[in-house]
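There are 2 protein chains.
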Amino acid sequence: MDQRSDPSVLPAELPVTDRTRHRRLREQGSLERADLEAILDAGFVCHLGVVVDGHPMVVPTVYGRDDTQLFLHGSVAGRSLAADPEASVCVTVTHVDGLILARSVFEHGVNYRSAMIHGVPRKVTDPEEKLRGLRLLTEHVTPGQWDYARRPSRKELAATTLLALSLAEASVKISAGPPGDGEGPDAERGIWAGNLPLVSRWGTPVPDPLLPAGTAPPPHIERRGGARHAGAPR
Amino acid sequence: MDQRSDPSVLPAELPVTDRTRHRRLREQGSLERADLEAILDAGFVCHLGVVVDGHPMVVPTVYGRDDTQLFLHGSVAGRSLAADPEASVCVTVTHVDGLILARSVFEHGVNYRSAMIHGVPRKVTDPEEKLRGLRLLTEHVTPGQWDYARRPSRKELAATTLLALSLAEASVKISAGPPGDGEGPDAERGIWAGNLPLVSRWGTPVPDPLLPAGTAPPPHIERRGGARHAGAPR
Numbered sequence: 231m232d233q234r235s236d237p238s239v240l241p242a243e244l245p246v247t248d249r250t251r252h253r254r255l256r257e258q259g260s261l262e263r264a265d266l267e268a269i270l271d272a273g274f275v276c277h278l279g280v281v282v283d284g285h286p287m288v289v290p291t292v293y294g295r296d297d298t299q300l301f302l303h304g305s306v307a308g309r310s311l312a313a314d315p316e317a318s319v320c321v322t323v324t325h326v327d328g329l330i331l332a333r334s335v336f337e338h339g340v341n342y343r344s345a346m347i348h349g350v351p352r353k354v355t356d357p358e359e360k361l362r363g364l365r366l367l368t369e370h371v372t373p374g375q376w377d378y379a380r381r382p383s384r385k386e387l388a389a390t391t392l393l394a395l396s397l398a399e400a401s402v403k404i405s406a407g408p409p410g411d412g413e414g415p416d417a418e419r420g421i422w423a424g425n426l427p428l429v430s431r432w433g434t435p436v437p438d439p440l441l442p443a444g445t446a447p448p449p450h451i452e453r454r455g456g457a458r459h460a461g462a463p464r
Numbered sequence: 231m232d233q234r235s236d237p238s239v240l241p242a243e244l245p246v247t248d249r250t251r252h253r254r255l256r257e258q259g260s261l262e263r264a265d266l267e268a269i270l271d272a273g274f275v276c277h278l279g280v281v282v283d284g285h286p287m288v289v290p291t292v293y294g295r296d297d298t299q300l301f302l303h304g305s306v307a308g309r310s311l312a313a314d315p316e317a318s319v320c321v322t323v324t325h326v327d328g329l330i331l332a333r334s335v336f337e338h339g340v341n342y343r344s345a346m347i348h349g350v351p352r353k354v355t356d357p358e359e360k361l362r363g364l365r366l367l368t369e370h371v372t373p374g375q376w377d378y379a380r381r382p383s384r385k386e387l388a389a390t391t392l393l394a395l396s397l398a399e400a401s402v403k404i405s406a407g408p409p410g411d412g413e414g415p416d417a418e419r420g421i422w423a424g425n426l427p428l429v430s431r432w433g434t435p436v437p438d439p440l441l442p443a444g445t446a447p448p449p450h451i452e453r454r455g456g457a458r459h460a461g462a463p464r
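Residue numbers (this note's numbering), protein chains in the order written: chain U, 231 to 464; chain E, 231 to 464.
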């Protein structure tokens, strides 16, 4: 089946374009769409890069996704889009898994998983699609809240800038494992080398002080407290 | 004293420019240089935004700093600089402190601390300055490693792209505290609301499998294991 004939399916191999070609540390690049999806699903904050008046702006924002596109909040991107509806953006999601501590400073580095998505975003205006995109975004950030909290009113929906960005053009970089100088001449130096992992966890839910005493968090929030964030360790 | 006469001192109040003016959520903006420095010091990975062939690219990279400038690794920025030495970049550092879980989906959000720095970076070429910049960067990411690991050789130094970016033009956004709908009509709904904190910690050091048995991590690494990352909670 020609996957291009079905817009709801993107190829399992990520395309190589001028923007996604891995130029260095080639071994860290991945062309697996499954890796892209795993990185997106392990986080909820991306860094959105847009060009405003010729200058790059990088703003953190939340996102959600379906199989073919990212949904994101974006007032800065909204400004860039207003100025040029064909302006492309770059969305980067990064998980820092720890430090690579080598025998030499030069071989030091960071273990991370990072995805970059390039494209021209589309402002979602259809109320039905906007509601669906906001549901996907909300459920991506905090599963269970869409059915628990009050959903957006028509007015709130209108006040929300939601962008959709195709997941077609993306690249993935993954760095994992021990330092690379364990077999070189520096190995003789008796210097300790290894990794220092960095782990994110959800803490205990903190109730709003204005909440009536005795209001318990719902199970989907309670359960999340203490859980590891950013996916399983690789 | 006119601080502009001394390039080693930047004003304690951040300047308001077209790029740093806070356009929305005004209450979250901070003009304190001390807040900027605290955010920079609580992290070590930034998202560097550059414009390459008219398109924004956002790449994660490590950084260090002195009182007036950021030092960062940047091969992508190097390409952008090669094409246009006057091209500006945007560096964003974000710490995600947790989720704001409100009574309504519309009031949901993220508690975070974020700094954006704008400017035209300078490629550091003087070997002495490069060594100093790399020391600041290394010690920022892993205090103690500069004196412990083997320092860069002349050849390694030449193979490293180091950029310096002034901290003069920057903006800070901080979002903290409970949801904002505790006194509105949604407060009557009996919905639990509050924050779900996200906490980063350093794990236990993992020795390189190639290390001779019994090689112990140095105290500065051992001590860091288990410590909280991203600064003290606010």
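Hints are computed from structural coordinates only; laboratory data are not their basis.
Just to be clear, a hint being listed does not mean it is correct.
Which copy? The list can't say, so a pair holds if one copy fits it or any two copies do.
[Unchecked claim] EDC-like mimics (lysine to aspartate or glutamate), calculated; alpha carbons at most 20 Å apart, straight line:
(1) K353 with E267
(2) K385 with E262
(3) K353 with E418
(4) K385 with D416
(5) K385 with E452
(6) K360 with E386
(7) K385 with E267
(8) K353 with E386
(9) K385 with D296
(10) K385 with E316
Computed from a predicted model, the values in this text were never measured in an experiment.
Here is how each hint holds up against the structure:
no. : hint           : verdict
1   : K353 with E267 : neither (22 Å within a copy, 35 Å between copies)
2   : K385 with E262 : neither (40 Å within a copy, 35 Å between copies)
3   : K353 with E418 : neither (58 Å within a copy, 34 Å between copies)
4   : K385 with D416 : between (64 Å within a copy, 15 Å between copies)
5   : K385 with E452 : neither (31 Å within a copy, 54 Å between copies)
6   : K360 with E386 : within (11 Å within a copy, 51 Å between copies)
7   : K385 with E267 : neither (32 Å within a copy, 39 Å between copies)
8   : K353 with E386 : within (16 Å within a copy, 46 Å between copies)
9   : K385 with D296 : neither (25 Å within a copy, 47 Å between copies)
10  : K385 with E316 : neither (28 Å within a copy, 44 Å between copies)
Comparing the model with each earlier hint shows violations of hints 1, 2, 3, 5, 7, 9 and 10; every other hint is respected.
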